[in-house]
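S.K.: Sequence:
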Amino acid sequence: MNMLSAAALAVALLSAPAALAMEQAEQVKLLATIDDRQRNGGDYKAMVYLEQKEKGKADLVYELVVYRRDADDKLMMLFTKPKAEAGKGYLRLDKNLWNYDPNVGRWERRTERERIAGTDSRRADFDESRLAEEFDPSYEGEAKLGKYTAHVLNLKVKPNVDVAYPVLKLWVDKESGNILKQEEYALSGRKMRTALYPRWKKMFSESKKDNVWVPEEMRIYDEVEKGNSTTILIKTVDLRPLEANLFTKAWLESKSR
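Counted the way mature numbering (1 follows the signal peptide of the UniProt record, and there is no 0) counts, the sequence shown spans residues -21 to -1, 1 to 236.
None of these hints come from the bench; they were simulated from the model.
Among these hints, one or two may not hold up.
Stated by the list, open to error - For lysine-lysine, the following DSS-like pairs were computed, each having C-alpha atoms within a straight-line distance of at most 25 Å:
#	residue 1	residue 2
1	67	214
2	188	32
3	53	74
4	123	36
Could you put together the complete structure from these sequences and hints?
M.R.: Okay, here's the thing in structure tokens:
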């Protein structure tokens, strides 16, 4: 009996590395699936409502149009309301983020930590998902989040990749595959932001010939300045092709005149 138990233990120990390797592969596959579900493969245009709540200040409300060309990793955000912000925008080209202010007629390069229009949102909240490309995952297990059962993953940024926050913690709905919650941390371990994703919308994409999942609502909470938060509502989405020369500084400037 002891010999059998020892043999069984030896088999279990020998098989453990293979099990761990499969688990890691499944984690990477899960991230890649999340990315693919949100990726159109073509163009994307969304009308977005942005509301910023800040302690001791009046709420700020913005409207903007978000343009994406996922095939070329291009992104543009053009503010339309309020009047004081109309014509301002951001343009992502060749992994660089640029901000344009028509009041001074100048472009300035921004970092991934840039607070979009001074809100708690960041570039990545509007861009295509690149989790598998930018992060290495580790699996924490399953957990209940309200009525949902979620996979919980810790993500650490890959070397030489520029992101707003180098450590993420994700709760992914086991049934739907959608992100429910995301916590973002500095390298020091300090929690910086918490984002909730209460509503997702499924759309058919002609360019992808498959469905695309869009987060209709994001609620972002500032974990440093407690009480500050941003709500992002994606009101309408259009997946038809955009103008060929749209993702240029000249195009954005022309909309600001």
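S.K.: Determine for every hint whether it applies to the structure shown.
M.R.: Here is how each hint holds up against the structure:
1. 67 to 214: holds (20 Å)
2. 188 to 32: Violated. Residue 188 to residue 32 sits at ~39 Å, over the 25 Å cutoff.
3. 53 to 74: Given that 25 Å is the threshold and the Cα spacing comes to 8 Å, the pair holds.
4. 123 to 36: Answer violated: residue 123 to residue 36 is near 35 Å, above 25 Å.
Hints 2, 4, counting from the list given before, are not met by this structure.
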